[in-house]
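*Asks:* Here is what each chain is made of, one letter per residue.
Number of protein chains: 2
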Amino acid sequence: MTLYQDLSERLKEHIELGFYKPGDKLPSVRQLSHEHGVSISTVQEAYRQLEQEILVEARPKSGYFVMPKQRVDNLPNVSRPPQRPLEVSQWEEVFNLLMIGDNKKGVQLQHAMPDMTTPTLKPLLKTLADLSKQKPELGLGYGDLRGSEELRTQLCRLGVASGCQLHPDDLVVTSGCQEALSVCLRAVTDPGDIIAIESPSFYGSMQAIKAANLKAMEIPTHADTGISLEALELALDQWPIKAILVTPTCNNPLGYTMSDDKKERLYRLAQSYDIAIIEDDIYGDIAYQFPRPRSIKSFDEDGRVLLCSSFSKTVAPGIRVGWIAPGRYRDKVTHIKYVSSSMCPTLPQLAIAQFIRLGGYDKHIRTMRQRYEKQRDHMLSAIKRYLPSNTRVSFPDGGFILWVELDKDIDSMKLVEQCRKEGVGFAPGPLFSATGKYRHCFRINFSEQGMEQRESAIKILASVLLQFKSLS
Amino acid sequence: MTLYQDLSERLKEHIELGFYKPGDKLPSVRQLSHEHGVSISTVQEAYRQLEQEILVEARPKSGYFVMPKQRVDNLPNVSRPPQRPLEVSQWEEVFNLLMIGDNKKGVQLQHAMPDMTTPTLKPLLKTLADLSKQKPELGLGYGDLRGSEELRTQLCRLGVASGCQLHPDDLVVTSGCQEALSVCLRAVTDPGDIIAIESPSFYGSMQAIKAANLKAMEIPTHADTGISLEALELALDQWPIKAILVTPTCNNPLGYTMSDDKKERLYRLAQSYDIAIIEDDIYGDIAYQFPRPRSIKSFDEDGRVLLCSSFSKTVAPGIRVGWIAPGRYRDKVTHIKYVSSSMCPTLPQLAIAQFIRLGGYDKHIRTMRQRYEKQRDHMLSAIKRYLPSNTRVSFPDGGFILWVELDKDIDSMKLVEQCRKEGVGFAPGPLFSATGKYRHCFRINFSEQGMEQRESAIKILASVLLQFKSLS
Chain A
1185 MTLYQDLSER LKEHIELGFY KPGDKLPSVR QLSHEHGVSI STVQEAYRQL
1235 EQEILVEARP KSGYFVMPKQ RVDNLPNVSR PPQRPLEVSQ WEEVFNLLMI
1285 GDNKKGVQLQ HAMPDMTTPT LKPLLKTLAD LSKQKPELGL GYGDLRGSEE
1335 LRTQLCRLGV ASGCQLHPDD LVVTSGCQEA LSVCLRAVTD PGDIIAIESP
1385 SFYGSMQAIK AANLKAMEIP THADTGISLE ALELALDQWP IKAILVTPTC
1435 NNPLGYTMSD DKKERLYRLA QSYDIAIIED DIYGDIAYQF PRPRSIKSFD
1485 EDGRVLLCSS FSKTVAPGIR VGWIAPGRYR DKVTHIKYVS SSMCPTLPQL
1535 AIAQFIRLGG YDKHIRTMRQ RYEKQRDHML SAIKRYLPSN TRVSFPDGGF
1585 ILWVELDKDI DSMKLVEQCR KEGVGFAPGP LFSATGKYRH CFRINFSEQG
1635 MEQRESAIKI LASVLLQFKS LS
Chain B
1185 MTLYQDLSER LKEHIELGFY KPGDKLPSVR QLSHEHGVSI STVQEAYRQL
1235 EQEILVEARP KSGYFVMPKQ RVDNLPNVSR PPQRPLEVSQ WEEVFNLLMI
1285 GDNKKGVQLQ HAMPDMTTPT LKPLLKTLAD LSKQKPELGL GYGDLRGSEE
1335 LRTQLCRLGV ASGCQLHPDD LVVTSGCQEA LSVCLRAVTD PGDIIAIESP
1385 SFYGSMQAIK AANLKAMEIP THADTGISLE ALELALDQWP IKAILVTPTC
1435 NNPLGYTMSD DKKERLYRLA QSYDIAIIED DIYGDIAYQF PRPRSIKSFD
1485 EDGRVLLCSS FSKTVAPGIR VGWIAPGRYR DKVTHIKYVS SSMCPTLPQL
1535 AIAQFIRLGG YDKHIRTMRQ RYEKQRDHML SAIKRYLPSN TRVSFPDGGF
1585 ILWVELDKDI DSMKLVEQCR KEGVGFAPGP LFSATGKYRH CFRINFSEQG
1635 MEQRESAIKI LASVLLQFKS LS
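From first to last, the protein sequence lines are chains A and B.
Everything in the first sequence is counted per the working numbering, starting at 1185 for the first residue and increasing by one.
Everything in the second sequence is counted per the working numbering, starting at 1185 for the first residue and increasing by one.
Just to be clear, a hint being listed does not mean it is correct.
Where chain A lies over chain B, by a calculated footprint (3+ residues, C-beta under 8 Å) [what the hints assert, rightly or not]:
hint	stretch
1	1300 to 1312
2	1317 to 1330
3	1386 to 1395
If you are wondering where the hints come from, they were derived from the structure by calculation, not from laboratory data.
C-beta: ideal position from N, C-alpha, C; glycine also.
Same shape as in the complex, but just chain A (with noise of 0.2 Å):
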């Protein structure tokens, strides 16, 4: 390590340990080269590389500040969505979206996908390795119905973090997320019902409303505390709504993490309206706080939370295992996930309970954790810097995605058309919508590890928007 990259890196650490905070002045170059006992252009090449790391910025003739995490001031707005249950379209777009291979050249920010290259995912991988060879068997038979025993097990206590009291009998395993929120859609409605949603909402969740032959109600939603309750009461007194689903820690596109207190306000009216709460916690394990934030399901006196996750975020997508927690609804949830595709493979999830078990997950989480803060950090500074200063973007409590507003006159499925012929892509905004809104907004993933490719990403975002403005 050069001397440079040696003082760069104390410098972060003092930034990341809190002593100078956002917006601090960081000492002066003179003051470091004495303390230090390095040149003068040593220390001005440390302040670059942390500026091109978006950690600090120069401000002309003041010297160099730690960069503002904080942009409260440009989050985007609440959500307007229609006031009425409506079928859920824009499958087309969704389908476009999922045929983009993230083996395509240049920075695929399209997919919600985790940084699947950290060191910290090695335990699991030489597990299934192992397992694959030394117990091949185990991979050829059926396994239950509800899941492999042991997964189950060290799914209780790793519900403990979220402030539930769980039993392995009270676990169905599924394949990933997507089977369980579609299960528990299935499992808790009618044909023709209508659910209530967060407006921007996840697309996949949105897309088994449609097949299930439900209606969707959005609700608007604030980017910061989540769903509006107020919206959601008016929507329940004027609509039959039969559940609400919602993402409700990290939320899945905008980020934000609903307070305990609001958790436990929404779970309320769920139940003064007798009705189930959907809960989708996929990405409740890698909020940025520790310990991680309650979920709703911990609130659940009644059994009538379906809390739905999986490792397809915190882990990687491939591994395929997902659960739910149905509550009072197990036995309807057990006969759709039977009919959905009968028992899970059995491998994947016994090295996840061994990854589990040995505390290689948490281990993993840990650094996941910070390592996407940072990340987030630098991808708001990014946007900062490049985009036009109108822009309003997320600002996530965890996970490692952003919702990003533009112009009201910019439209997105264009912009992606655009930037994948550049290299680029993300996902845009009508996709989260059920009728196809939030044409002026996508969604941009920055969990991978290439600071600079991510950059770059939005460098040439900011060109093709440049590009627009001047056509239009």
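Chain B: place on chain A using the hints.
*Replies:* Frame of chain A, contents of chain B only:
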């Protein structure tokens, strides 16, 4: 190998090669002793061995005879289900069956599990272990929503054997055949629609009908020729049936294969009523005849046949690799597959693709086909020997399950319960009816390699039946 074993092996070979046909008298003990230069007692021991394997029978004062294969005289009667569409019941009974682990002691013949101890699976297991070790990253990311292209290419190759000309783009890979069936049902129907099915029928597809809010119209079905086209046509005239779901090749549970001619007539019938056919071909590749029978899909001119299959019966259910050739319903099928469980894991798909490509699959199938046919004959002989003479039993053309029809007043639910206490498991008849018919029937698996175990299971069944008789 001892002298008597050597002799019995030779005799067995002659029987299998057809030198001696079922019912033929075999050479006398004296004659064989002379021909082979062995003692009388050696020949007697050899014959005892063949009797044990139920290949020959000793008739007092007449000598030894080859056991008959054909039992056409006592096939189960044509079924007579209720003449109207009905909701599917029996979930609790199916659930109880599914919850019986295969790791229980005794002889568990309730699940339609293939023989997974065969060495012909070794190349596949090796590939799986190698991929897991050498390319673990393939197990982490999302693959193609429609399934790995390598696998889809190999599936097209397999399709040729059943008379189908498919293109990789015509296929959607699923998480086993259960997902394939569920997805197809949802793709071709709206809630409340009616589906025509064989009777008896696989409980998994019936439960999928239930979960999709559909009604089942059970059609009378012959144990040797399959669904009655006359009865089906009457039903099509009388009810607004939306699709026909059939397993025309190595039917579960009846074992028959419909003739090519009848398959084509069924297709024409669907064409004239302009409805879809969902064809479950899961056992198709382990038909005993070679080349394997054609599928209904092979007659498809206008894309109305949705072929569903998987490697769960031919290779191993734990692999969870199934597929759909959805014809004109491809877009809807892709949508529902996506919401059902998103992408399928990549590694098992690649391993299976390689298994097919390098010839391992063909070799494996060839072995299993011959093995299962022998085991069928043995099981039929054991049933003939030990169960009451009025027992009716199917004569499967492939696969590894038998359907047994007992005296009308035998309750198979109680019989199963009693046999379970004695360590023998099989599947009671009512699970195979939408409305709990076939109480005096059961399905039994004969894939298990241990001949003695299978025979002991039948003996125990016989002794429990005797107790039942004495009680009534």
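*Asks:* Compare the structure with each hint and give your call.
*Replies:* Each hint, compared with the structure:
no.	hint	result
1	1300 to 1312	holds (count 4)
2	1317 to 1330	holds (count 11)
3	1386 to 1395	holds (count 5)
Taken one by one, the earlier hints all hold for this structure without exception.
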